[in-house]
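Trainee: Residue numbers (this note's numbering), protein chains in the order written: chain A, 1 to 285; chain B, 1 to 285; chain C, 1 to 376; chain D, 1 to 376.
Treat the hints as calculated values from the structure; they're not laboratory data.
It should be emphasised that the depicted structure is a prediction, and the values quoted were computed from it without experimental measurement.
The C-beta atom is built at its ideal place from N, Cα and C for all residues, glycine as well.
Keep in mind that the hints are not guaranteed to be accurate.
Heads up, incomplete: computed chain D residues facing chain A, CB under 8 Å, no partners named [said to hold, decoys possible]:
1) I144
2) P234
3) N258
4) G259
5) G314
6) V345
7) H346
Below, simulated DSSO-like cross-link-like pairs (lysine-lysine); rule was C-alpha separation at most 27 Å, straight line [to be verified]:
8) A/K263 to D/K86
9) D/K86 to D/K67
10) D/K142 to C/K178
11) B/K228 to B/K196
12) C/K171 to A/K46
13) B/K42 to D/K303
If you want a taste of the chain B side facing chain D, the calculated C-beta under 8 Å gives, among others [claimed, not checked]:
14) P40
15) T45
16) D49
17) N55
18) S56
19) P75
20) D79
21) Y82
22) I85
23) E110
24) E259
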Amino acid sequence: MVLIDKNTKVIVQGITGHQGSFHTGEMLKFGTKVVAGVAPGKGGTKFADKVPIVNSVSEAMQYEPNATMISVPAPFVKDAAYEAIDNGLKIVYILTEHVPYQDAMEIVREASLRGITVLGPNGPGITVPFESKIGIMPNHIFKEGDVAIASRSGTLTYEIVYAVTKAGMGESTVIGLGGDRVVGLTFIDVLKMFEKDEKTKRIVLVGEIGGNNEELAADYIKKHVKKKVVAYIAGRSAPPGKRMGHAGAIIERGVGTAESKLKAFAEAGVKVADYPQDIPKLLEE
Amino acid sequence: MVLIDKNTKVIVQGITGHQGSFHTGEMLKFGTKVVAGVAPGKGGTKFADKVPIVNSVSEAMQYEPNATMISVPAPFVKDAAYEAIDNGLKIVYILTEHVPYQDAMEIVREASLRGITVLGPNGPGITVPFESKIGIMPNHIFKEGDVAIASRSGTLTYEIVYAVTKAGMGESTVIGLGGDRVVGLTFIDVLKMFEKDEKTKRIVLVGEIGGNNEELAADYIKKHVKKKVVAYIAGRSAPPGKRMGHAGAIIERGVGTAESKLKAFAEAGVKVADYPQDIPKLLEE
Amino acid sequence: MTLCNHWYGGILNLYEYMGKDIFRQYGIPVPNGYVVSSVDEVRKLTNPVAVKSQILLGGRGKAGGIKFAKTDQELKDAVKSLLGTKVRNLTVTKVLIEDMLSIKHEYYVSIALNRSARSPTLIASAMGGVEIETVPDEKIFKRIIDPSLGYSDFIGREASTFMGLSPDLSKQFLDLLKKLYNVYRGEDAELVEINPLVETNDGKLIAADAKVVIDSDAMFRHREFDIKDPEKTPLELKAESKGYAFVELDGDIGVIANGAGLTMATLDALLLHKGRPRNFLDLGGTDNVDIVVNAFDLVLEAKPKAILVNIFGGVTKCDTVAQGIVDAKKKFDIKIPIVVRLSGVHEEEGRQILKENGIEAFSEMMPAIERVTKVF
Amino acid sequence: MTLCNHWYGGILNLYEYMGKDIFRQYGIPVPNGYVVSSVDEVRKLTNPVAVKSQILLGGRGKAGGIKFAKTDQELKDAVKSLLGTKVRNLTVTKVLIEDMLSIKHEYYVSIALNRSARSPTLIASAMGGVEIETVPDEKIFKRIIDPSLGYSDFIGREASTFMGLSPDLSKQFLDLLKKLYNVYRGEDAELVEINPLVETNDGKLIAADAKVVIDSDAMFRHREFDIKDPEKTPLELKAESKGYAFVELDGDIGVIANGAGLTMATLDALLLHKGRPRNFLDLGGTDNVDIVVNAFDLVLEAKPKAILVNIFGGVTKCDTVAQGIVDAKKKFDIKIPIVVRLSGVHEEEGRQILKENGIEAFSEMMPAIERVTKVF
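The whole structure should be built from the sequences, with the hints applied where relevant.
Mentor: The structure is reproduced here in structure tokens:
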């Protein structure tokens with residue numbers, strides 16, 4: 001079990017929004033214990049006739065949640081995250097994209113000082129099939145198994161999860177770190193959790209160009225990880241200096257290139273797939 | 001051993017000041033391992049021909065300190081404390097008085113988030129006879145023994161320590177919390193440490209009027225402390241609403257009166273001495 | 001009266017008009033108004049006004065310190081009648097003339113230090129305009145603000161839900177709270193309080209009063225205020241200006257000791273021995289002959305029948321104190337009995353100095369206490 | 001050239017004169033100066049001046065973008081010669097006219113995001129005025145600032161000791177750093193950089209240049225700037241204004257996918273199959289037919305020979321995308337081949353819609369990649 005299991009009680013901040021309500025429905029279908037929704041001014045009503053809606057996280061604490069999904073517009077994310085942190089929730093998942101990076105920087109720092117895990121901003125969340133899901137990964141792509149996947153991407157994660165599932169394997173935990181420049185978890189953080197997790201036998205890292213998250217992870221794997229690790233890196237063909245879609249994929253200051261990441265993984269004995277669909281093959285080798 | 005022992009390595013921020021240099025000398029005489037002094041712009045010189053002086057805490061880290069004594073003027077205390085916190089020192093003792101309470105509030109909060117202990121501001125520090133001393137308590141009043149003393153006062157602490165020593169007993173640890181409204185430790189914090197400490201058999205709390213530190217401690221003692229606890233409370237004769245010397249001794253909002261503290265201790269079975277000199281008698285009963 | 005009715009030395013209680021100046025600066029809405037110290041400064045009336053004595057004690061309204069005026073003549077009369085008068089023993093030297101508000105509802109809000117939480121606390125209530133102590137607990141919203149996270153809107157939303165504010169008022173209230181927290185932090189306040197916070201008939205939130213109490217330890221980074229604590233005696237104000245922690249009491253034994261705790265313990269012990277202290281004076285943590293001499297100067301001004309000096313030497317060394325006592329005795333030609341107790345650092349040297357100058361010194365506190373209660 | 005020479009979409013690079021306006025506002029000393037967009041706005045000369053083209057690329061000096069003037073005629077000539085010219089392909093529309101500084105020494109200082117530390121980093125050097133990349137590592141001071149503690153003077157003292165500043169310069173430097181950190185935080189900057197930070201002959205520190213790069217995600221709490229990224233093509237700028245993450249490439253296959261990672265993976269796969277993508281276009285995490293239609297509009301403007309749509313449905317549902325494709329094909333009368341891959345949420349429904357409209361859809365990515373590389 002990594003971070004969440006079937007006993008994890010989740011609240012949704014922004015449950016009445018377009019995204020919030022859709023994904024709350026999907027989480028409930030997956031089996032996630034969504035114990036309350038927060039929507040200021042709408043307290044007293046219910047979501048889907050069963051999940052109580054309250055005005056604040058503080059009110060929601062009566063349902064003893066330990067995690068939150070934040071799906072509020074970017075300008076309000078810092079306030080919502082601080083509300084979750086101040087109330088002592090242990091997992092804070094931020095769905096929202098376009099959060100100012102300095103807000104993310106403060107949220108991540110304040111959370112880490114209190115032993116709180118931040119997922120995102122701008123990531124797909126976490127799924128432990130079929131214990132619990134916090135986030136927006138499609139329900140139907142999972143199968144229970146021994147492959148742990150950590151990714152900096154959203155849809156690309158689904159692509160790889162689905163490929164693993166269709167190849168007859170299954171997943172122990174899938175974590176989306178978030179696509180922004182500043183997010184709560186690094187590959188090293190999740191490698192530590194995966195290495196300890198009894199259910200996980202094999203690990204997939206889905207990286208991107210930009211930053212040095214992959215290089216640091218490769219170094220860590222060499223020294224500390226005994227389980228099999230394979231990887232995929234998106235953006236290998238990107239021309240230097242062209243930003244691909246979100247800020248996480250900048251090639252900055254000459255580090256963070258696909259070449260440097262491929263080299264680091266090669267040195268750590270981590271095979272890197274050419275296509276997302278090749279991941280299952282590498283896992284079975 | 002509580003907080004410090006003979007292996008504790010101490011630096012002094014503001015070692016070249018009047019107070020800093022005097023008390024560094026006294027600490028060295030006591031046997032404290034003072035490994036470096038910090039005085040911006042004076043790096044490269046030595047204190048008393050033996051303690052290296054450096055320009056910053058960061059430079060001082062080469063001597064592997066785990067504690068600091070801060071003796072800089074009040075306007076510079078926050079900066080000095082943040083420097084110590086940022087460098088990961090585990091004990092931050094602030095000698096200085098008249099530190100703005102909001103600075104203290106921030107220092108204490110940031111330290112506690114990082115598992116760092118703050119002593120003071122405006123307190124006499126900590127002494128573990130004859131392992132180590134960080135602070136300004138006079139060297140000659142101590143004797144090794146089994147009495148742990150925690151106090152909100154300065155000189156009154158010495159008075160009681162000396163009385164204990166002269167009565168033929170001795171001290172395991174003496175901690176001055178600090179006399180300001182906002183200080184790093186509460187009586188409950190030190191009671192936890194004293195209760196765990198093997199050397200400590202008996203505990204003295206030296207309180208003052210103002211705040212509810214004593215009341216909370218009494219409640220905690222009732223529930224969790226098995227060792228003998230006795231107390232003294234200064235300011236029992238103070239007319240309500242008259243501030244006695246420092247901000248820690250305000251009677252505010254009707255709580256924190258001597259009566260409420262005496263009542264709380266009585267309920268917890270903690271005997272309170274009429275005179276500081278009566279403490280040894282109560283300890284021996 | 002406010003939540004915090006006891007603030008002493010080390011704390012600066014601002015006049016309402018000063019508090020409102022600060023509020024204005026931080027964007028908190030306050031009534032239009034101006035302050036005068038003479039009737040000549042009164043401007044022509046355009047709206048009905050409130051005329052408010054600027055004094056530092058609560059209960060001003062009940063004591064007749066607030067008047068109202070609808071004509072120029074009424075205004076001048078009100079200003080004349082208030083200036084120079086005494087409200088609860090304090091002379092009014094300034095009055096604040098403000099547009100009257102059309103009051104729909106009165107709220108209460110404050111941010112103050114919570115000592116045990118070592119954090120600021122937000123306090124708010126829909127029952128404002130009265131002494132907050134009279135409001136039942138279940139009508140008061142209280143919430144600790146984590147100093148590391150600071151104030152954030154979610155706290156204001158909790159308060160606003162508790163108080164039952166309409167969406168529009170809630171929006172104004174959240175904006176005001178953010179600014180009030182900025183005042184609290186930006187001005188190193190002990191307390192910022194608005195009581196009443198008025199909802200006007202046209203739905204605006206306006207700070208009808210302003211109580212701002214500043215931490216005087218933080219004065220080095222703020223403007224200076226010329227304010228005397230109205231609860232201090234002239235001698236206490238004099239001592240404060242010289243940097244001593246000094247409180248006048250009603251007895252006849254002058255007391256000089258070092259450390260607030262030890263000084264309090266000395267007074268406690270005196271009283272248990274039927275001795276009556278004339279004052280509290282803490283020498284503080286310095287080691288300087290002049291500080292001792294000047295302490296005697298202050299204590300003598302209170303005309304005690306004897307003086308007790310109780311020193312446990314640490315930072316303050318006994319020989320320094322002894323030298324100060326000897327110098328003071330000569331300088332002020334002291335005839336009343338001086339009883340001295342010296343213990344700690346350099347106590348032998350100290351007692352030797354005193355002995356050479358014919359002053360007896362004890363090494364223990366209790367015998368000194370006993371002696372001084374029997375010396376006259 | 002600066003430490004950060006690659007900043008793209010989502011980031012706003014301010015002109016020097018804008019950066020200096022911000023510096024001035026925060027109390028950071030900058031040279032006296034003003035900006036003109038025509039020679040008529042030039043004022044009478046009082047001091048020798050530098051005349052600086054306002055463009056967003058480095059290496060301006062070397063490229064002839066900075067001139068100097070000591071007389072009114074020289075000034076007018078300089079302004080005339082710079083305005084409207086191209087410096088490294090960028091047309092100069094504004095020039096900054098500034099008093100020349102008497103330079104004793106040039107330093108470097110910046111605060112920028114350190115991604116791996118998830119914190120700001122202070123960078124400083126006594127070797128300023130040159131490209132910071134050319135300064136040896138051991139001459140560069142680098143230090144992470146804990147976002148929870150913020151900037152504090154001890155960090156500045158470390159830098160100042162490292163740089164060997166005199167006590168007087170150090171004092172000015174510490175004051176400047178505090179303000180520079182305020183700019184960094186207060187303006188939601190990605191980077192604030194002063195290069196050179198000039199020590200004048202009379203011992204003053206002055207920011208001779210100003211580079212401020214803002215996080216465009218934080219624009220909602222800041223003033224608007226009208227700046228176009230000089231490295232973007234007209235089509236990329238158009239896409240940006242419509243809210244798409246879009247990059248032009250030099251191939252012939254238009255690409256529409258969802259999610260930055262999957263879109264990159266699609267381009268990577270195309271290239272490994274010898275297909276040449278014409279663009280990067282990420283639909284983002286929305287579920288809206290119009291967004292798909294408008295994406296086709298953009299891609300068609302780049303005149304590709306075929307279009308590949310690669311969707312893994314999650315937030316974005318496959319049937320929505322299918323409907324968008326059908327609508328776009330009709331609306332723009334698309335004749336070139338469209339190859340679609342739909343997988344995930346509502347993929348059956350999506351493929352059904354496409355089938356009904358005569359468009360074939362794959363459920364796997366690799367066959368779609370293979371097909372599109374062979375379709376023309």
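Trainee: Each hint needs a verdict: does it hold in this structure or not?
Mentor: Status of the hints after comparison with the structure:
Because the beta carbon of D/I144 sits about 11 Å from the nearest beta carbon in chain A, more than 8 Å, this interface hint is broken. Here the hint on D/P234 is broken, as its CB sits about 16 Å from the closest CB of chain A, past 8 Å. Annotation: D/N258 was flagged as interfacial toward chain A, and the flag holds, the nearest CB pair being 5 Å apart, inside 8 Å. A hinted interface residue such as D/G259 counts as satisfied when its beta carbon comes closer than 8 Å to some beta carbon of chain A; here the least separation is about 3 Å, so the hint holds.
Contact between D/G314 and chain A, as hinted, is supported at the beta carbon level, the nearest pair being about 5 Å apart and thus within 8 Å. Hint on D/V345 holds. Least Cβ distance to chain A is approximately 5 Å, under the 8 Å limit. Contact between D/H346 and chain A, as hinted, is not supported at the beta carbon level, the nearest pair being about 10 Å apart and thus beyond 8 Å. Pair hint A/K263 plus D/K86 does not hold up; C-alpha atoms about 41 Å apart against a cutoff of 27 Å.
For the proposed pair D/K86 and D/K67, the alpha carbon gap of about 14 Å is at most 27 Å, so the pair holds. The straight-line distance between the Cα atoms of D/K142 and C/K178 is roughly 35 Å, outside the 27 Å bound, and the hint therefore fails. About 13 Å separates the Cα atoms of B/K228 and B/K196, which keeps this hinted pair within 27 Å; it holds. With a C-alpha separation of about 25 Å, the suggested pair C/K171 and A/K46 falls inside the 27 Å cut-off, and the hint holds.
For the proposed pair B/K42 and D/K303, the alpha carbon gap of about 69 Å is over 27 Å, so the pair is violated. Below 8 Å, beta-carbon pairs count as interface contacts, and B/P40 has one with chain D at about 5 Å; its hint therefore holds. Hint on B/T45 is violated. Least Cβ distance to chain D is approximately 14 Å, over the 8 Å limit. The beta carbon of B/D49 comes no nearer than 23 Å to any beta carbon in chain D, farther than 8 Å, and the hint placing it at the interface is violated.
Given hint, B/N55 at the interface with chain D, holds; its Cβ is 5 Å from that chain's nearest Cβ, closer than 8 Å. For B/S56, the suggested interface contact is upheld, since its CB lies about 5 Å from the closest CB of chain D, less than 8 Å. At about 11 Å, the closest approach between the beta carbon of B/P75 and any beta carbon in chain D exceeds 8 Å, and the interface hint on this residue is violated. Below 8 Å, beta-carbon pairs count as interface contacts, and B/D79 has one with chain D at about 5 Å; its hint therefore holds.
Interface restraint check for B/Y82: the shortest CB-CB distance to chain D comes to about 5 Å, inside 8 Å, so the restraint holds. Interface restraint check for B/I85: the shortest CB-CB distance to chain D comes to about 7 Å, inside 8 Å, so the restraint holds. With its C-beta approaching chain D no nearer than about 6 Å, B/E110 sits inside the 8 Å limit, and its interface hint holds. Hint on B/E259 is violated. Least Cβ distance to chain D is approximately 41 Å, over the 8 Å limit.
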